[in-house]
Every structure is written in structure tokens, then in C-alpha cells.
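2 protein chains.
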Amino acid sequence: MDIARRAGVSKGAVSMALNGLPGVSEATRSRILEVARELDWHPNNAARALSAARSDAIGLVLARPARTLGVEPFFFQLISGLQAELSGRRIALLLQVVADHEAEIAVYRQWWSERRVDAVLLIDLRVEDTRVTLLEELGLPALVIGGPGHHGRLPSVWADDARAMTQIVDHLAGLGHRRIARVAGLPDLLHTERRTEAFRAAAAARGLDEPRIVWTDYSGEQGAAATRGLLGSPQPPTAIVYDNDVMAVAGVAVATELGVPVPAALSVVAWDDSPLCQLLHPPLTALTRDTFAFGATAARSLLAVLDGGEGADMEDHVPVLVHRESTSAPPP
Amino acid sequence: MDIARRAGVSKGAVSMALNGLPGVSEATRSRILEVARELDWHPNNAARALSAARSDAIGLVLARPARTLGVEPFFFQLISGLQAELSGRRIALLLQVVADHEAEIAVYRQWWSERRVDAVLLIDLRVEDTRVTLLEELGLPALVIGGPGHHGRLPSVWADDARAMTQIVDHLAGLGHRRIARVAGLPDLLHTERRTEAFRAAAAARGLDEPRIVWTDYSGEQGAAATRGLLGSPQPPTAIVYDNDVMAVAGVAVATELGVPVPAALSVVAWDDSPLCQLLHPPLTALTRDTFAFGATAARSLLAVLDGGEGADMEDHVPVLVHRESTSAPPP
Numbered sequence: 001m002d003i004a005r006r007a008g009v010s011k012g013a014v015s016m017a018l019n020g021l022p023g024v025s026e027a028t029r030s031r032i033l034e035v036a037r038e039l040d041w042h043p044n045n046a047a048r049a050l051s052a053a054r055s056d057a058i059g060l061v062l063a064r065p066a067r068t069l070g071v072e073p074f075f076f077q078l079i080s081g082l083q084a085e086l087s088g089r090r091i092a093l094l095l096q097v098v099a100d101h102e103a104e105i106a107v108y109r110q111w112w113s114e115r116r117v118d119a120v121l122l123i124d125l126r127v128e129d130t131r132v133t134l135l136e137e138l139g140l141p142a143l144v145i146g147g148p149g150h151h152g153r154l155p156s157v158w159a160d161d162a163r164a165m166t167q168i169v170d171h172l173a174g175l176g177h178r179r180i181a182r183v184a185g186l187p188d189l190l191h192t193e194r195r196t197e198a199f200r201a202a203a204a205a206r207g208l209d210e211p212r213i214v215w216t217d218y219s220g221e222q223g224a225a226a227t228r229g230l231l232g233s234p235q236p237p238t239a240i241v242y243d244n245d246v247m248a249v250a251g252v253a254v255a256t257e258l259g260v261p262v263p264a265a266l267s268v269v270a271w272d273d274s275p276l277c278q279l280l281h282p283p284l285t286a287l288t289r290d291t292f293a294f295g296a297t298a299a300r301s302l303l304a305v306l307d308g309g310e311g312a313d314m315e316d317h318v319p320v321l322v323h324r325e326s327t328s329a330p331p332p
Numbered sequence: 001m002d003i004a005r006r007a008g009v010s011k012g013a014v015s016m017a018l019n020g021l022p023g024v025s026e027a028t029r030s031r032i033l034e035v036a037r038e039l040d041w042h043p044n045n046a047a048r049a050l051s052a053a054r055s056d057a058i059g060l061v062l063a064r065p066a067r068t069l070g071v072e073p074f075f076f077q078l079i080s081g082l083q084a085e086l087s088g089r090r091i092a093l094l095l096q097v098v099a100d101h102e103a104e105i106a107v108y109r110q111w112w113s114e115r116r117v118d119a120v121l122l123i124d125l126r127v128e129d130t131r132v133t134l135l136e137e138l139g140l141p142a143l144v145i146g147g148p149g150h151h152g153r154l155p156s157v158w159a160d161d162a163r164a165m166t167q168i169v170d171h172l173a174g175l176g177h178r179r180i181a182r183v184a185g186l187p188d189l190l191h192t193e194r195r196t197e198a199f200r201a202a203a204a205a206r207g208l209d210e211p212r213i214v215w216t217d218y219s220g221e222q223g224a225a226a227t228r229g230l231l232g233s234p235q236p237p238t239a240i241v242y243d244n245d246v247m248a249v250a251g252v253a254v255a256t257e258l259g260v261p262v263p264a265a266l267s268v269v270a271w272d273d274s275p276l277c278q279l280l281h282p283p284l285t286a287l288t289r290d291t292f293a294f295g296a297t298a299a300r301s302l303l304a305v306l307d308g309g310e311g312a313d314m315e316d317h318v319p320v321l322v323h324r325e326s327t328s329a330p331p332p
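Going down the list, the sequences are from chains A and B. Here the working numbering is used: position 178 in the first sequence is 178, and no number is missing along the way. Here the working numbering is used: position 198 in the second sequence is 198, and no number is missing along the way.
Hints in this document: simulated from the structure, not taken from any laboratory. The structure presented is a predicted model; accordingly, all values stated were derived computationally and were not measured. Honestly, I wouldn't trust all of these hints.
[Claimed, not checked] Here chain B is said to cover these stretches of chain A; the calculated rule only asks that three of the stretch's residues, wherever they fall, bring their Cβ under 8 Å from a Cβ of chain B: (1) 73-85; (2) 246-257; (3) 278-289.
[Said to hold, decoys possible] Pairwise CB distance ranges (calculated): (4) B:P261 to A:E257: 19 to 29 Å; (5) B:A204 to A:R300: 48 to 58 Å; (6) B:E136 to A:R89: 27 to 37 Å.
Glycine included, each C-beta is placed from N, C-alpha and C at the ideal position.
With these hints in hand, go ahead and build the complete structure from the sequences.
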């Protein structure tokens, strides 16, 4: 073994030191651990089973740029809700930000082989998602946030995005709008795709014009740019639905700047409600969901899995559209 | 050993199973792990040294109600900034919400004895803080967010709250205000105490009236109640400084409701800037700091400690007061 050679001790001494057994001096033990650290030594899977009885941690890997997380209240309300349930059982949350799904999968493999987590939460499900198959193969207990469908045999907790979107289109069509546009989130996310399908289907059912959709990365910058593009087009929409609150607020700012008053000339709907939506002038019509409660629900479902249950699929409440002052009849 | 008796096997078999060594059948091994799990068995400290070479996790314990975290952008911008630096080294963040400092200390003891983390971040420092002494005793590497002072031999990263507060008082005094009040955060936090001292000293230096201070839990509800109390008093203040953005926004809403126009009859300053401050009507004069960058700075300092360094104390940039439309001269 490399560690023994480098530290100038016997293999037996290394084994005793790494296993925390008596028989080596504190100085030797320190030296061995130091060498092990230098070699970036990882205990193998079998040895890690030592700690496998319980890790008391749930894993959450976020494959999004770290900078965008601070402005997305969704994740942290979700995490707060999760911790509200998990902390009572003294279960911690192991959080890791990665660049992409490939890196995410590597983290799952490592965490599970080292039994760092008892289970993981899978978020931002894609239409074709290799992570689901991998987790099933590994046997790493997991709960999918966002369903139904496309989550294999893994249990899932979700809200009905399609019904929520239909509510929004019905509200706007009821006010008399016929040209509705949508500023959407990342196109390869399953929930974006679900909302898109529901958006088109609801518009068609109401006999509205074929709706335009612009995809973004959820940032205020891209929300503003999308709004500018839509309002500058030959036949601008009379209503825009935004996939989050940050983009809706940026959209209102752009409309105001362009001399397009909200709601007189443009109605605006935000998917996620927030203090920002409520305190803006005008306050925004927004889709309200209790993400904290959703996180707590997910935690309970996950605890059931940890306690040996099957993990039932669960549908959370459908988000509710709160009518405020950013939506009205379109200009005549 | 209880596990051996319960599983009906020898102690040797238990040891082999828990240490992942050959010599027991897979079925026996499963049974032993199952029993260990039922008994909520934790490996002892010495055995945990097996994984001590590196845990690749930083611990963060939050002794605040989980529900309030989702509305406090500070923590999550801090976490985003931390992860931006740590994820490049594949270091995860182990997050745990607890009820109080006693529970927090118990978590540190457990994490360190089991080598779950390589280091921890200590936040919300108190004037008298037993956690500092404990971490020094344990030898658990730690970085204190918030200094200088009161952090023993532990390295600390901080921003100069006193100078920031002096900026605010100078701005208001310069506009002609003489009755300034403050809606503060939790009274036993060190940074609340620092701001209070600086607030009183700056007011005295400018020859202002003895300023009134109301302490709260940072929530919008308590911010609103404090504002109602101040504005309903015989000699209401002409300016209020709030310790976070959520309370400042709630304060503006209360003032508007009471027929006290902002800024004509009441100037308002928010400690933390946010999209909420910028997009509110009127936009709020606010103290801007880049919490994401602060988190990244803290992470770099922590990595230096992990790499065997001493961990230098570091002062971050002083937050900057951005003048917007919520502050003006007091009514004549």
C-alpha cells in the first residue's frame, strides 16, 4: 500500500491507524492520516459500510449556476420546508452545486459508495433524464420533486403545473385577451415542457391566436430582453405570462420604460408569487403556492421511504391564481 | 455487543460485517446492518477515524426557525457564494437547522466525533458565545462569519457594521433629521449590538435627540408592529432605519396605511438592499453589500484553513449606502 511506503511504516500500522484501533502512537497515526490526505485517499465502499448504519443526511445536488440560486426563492423555501421536518429527526441536508448532470451523477455515485447520505432528492427533472435510471440501478433511495411521469420506479411529489397554467389562460381569455405570450424557463426541464403543452392546449381550446413562447434561463436580464423582443414585434401580445417572479418584475420595468402601461396596455402574470409581486406597483397577479409546505410534504414522503416504506407518489395542492392589479381587459 | 445477540451471530461476524470485511455471507451482513440500523447504532469516534482522511464537507448549523429562513435572502446568497467557491473543490455543504445553541453544540460534537465535516462556519455570533470556546476545545476547524472581536482564536470574516451605520446616520442628519428611530433585529446578536452602539454614538456625535430602538425577530410582522408603535407615539420619528429589507418594506406599507407619506413625512432606510427595495414605490434608500461575494470570500478563507493554514482574519468591503427615493428632508 502506497500510504505505508510513503509514511515509512508497516501495512498493519496503516490499517490500525485508519481504523482508529490502538497499537500505533498518536504521532505515527497523525503522520499516516497526513499521508492518506495527501494521496487524496478515499476509503473503499466496503470499509465505508462501517458507517452505513445511518448517515442521517439527505442529499440535494443542484446543477445550476451558484450565482442564480440566491435570486431564486423557490429552492430556499423548499430547503427551509425540508429542514423544518427533517431537523426534528436530526437529519441534515448535504448540499452540492455542480456544473451539469454528468457531475451530478458522479456525486451520487460517490455519496452512495461512501454512504454519505441515506437518500437524495432529485429536482429539475428533464424530459429524458439519465439520473432516474442511475439512481434505480444504484439502489440509492430517492424522491423526485416534480412529476407525474418520467420518474421510473422512484416516488415523486409534484404540483399539477398543467392545471395551474390552464387557470392562467382562462383568466386572461376571460378578460378578452387573444394574443398571449409566454416568457418561459429552461426549455429542457420537464416542468417547462408541461407548462408549454398546457399553455398551447388551453389557448387552442379557447380559440386564441397561436401563442408565442420565448425561453430563458429564469434571470431578470433574459426576462427583460424577452419582453423587449415581444413588445417590439409587429403584433405585440396584450398579455404575457412569466415563468417566475423575477422575470415578471423585470418585464413590468421594461414595459413602463417603453411607454406600455401595465395593465392598461399589457397584462402581466407571474408564475411564482412573492413579496416582490405583492409590493410592486401595480401589484402582480400571480400563481401562489406554499413552497415551504411543499418542502415539508416532500420531507415526510422521504422519511417514509427511509423508514422502510415504498414511498408513495403524492400530488400537492394545485397552485392558486391570485388576481391583483397587473391584469385587466386588453386595450380596445 | 447488543447487535450480535439480536442478530444471533458472533461478535466477530458483527465486526466483519460492519467493517465490510469478507467472512460473512451477504444475507448475514444484511441482517447485521438491519439490526444496527434498528438500534440506531453509531460508530464510535475511533472507528469513524476510518473516514477521517477527508470528509469533503463544510458544516453550517442555523439556530433560527426554518420558516424564517426562506424570507431571509442573506443566508441563501451567502450559501450560493460559498458553494460557488467550494464546488470547484467538490466540497459539499452540510446544513442543519436546530432550535437553539445547545442543540447546535450537540450537532458540532456529533459531526466532529464522526468526522462528518472538515470544518464549520459559525454565524449569528452572540456577545457571550459559548460556541467559540467549544469549537476551540474540540479542535474542530471553524471560520466565524462576523467579527472582529469575541471570536477567540478562531479566524473571522466580517464587514464593518459600525462604519456602515455611521454612514446612514450621517446621511439622515445631513438631510436635517433630528428624531431618528431604529427597528433592530435580535438583541442578543453581536452584530445587532455593534449596530446599536454605532447608532447611538453617531447620533450623539451629530447632536441628535436620543434615538429610540425597537428590537424584533426580523420578520415583516414585527417590523410592521414596531413601525405602528413608533408612528403612534407622541413624538414620532421623522426617519426610521430598519435592520433588514423585509421590515423596511412592511414599515412603508404601515406608514402609507396611516397616512404618513414616504419620504415627505417619514424617511426610510433599509439595511439590506434587494430587488424588493429597488422595485418598491418609492424605491428604498438601502445599504448594499454583495453577500454572494462575501460568501465566496469566506469560502476562500475556509479553504486556506483546510489546506493547513492559520486562517487569517479578513475584513470585507464596507457596505455602501445607495440613495434612492425613500429619504428626503424632514417635514418643516
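Determine which of the earlier numbered hints do not hold for this structure and return their numbers in increasing order. As far as the earlier hints go, not one is violated by this structure.
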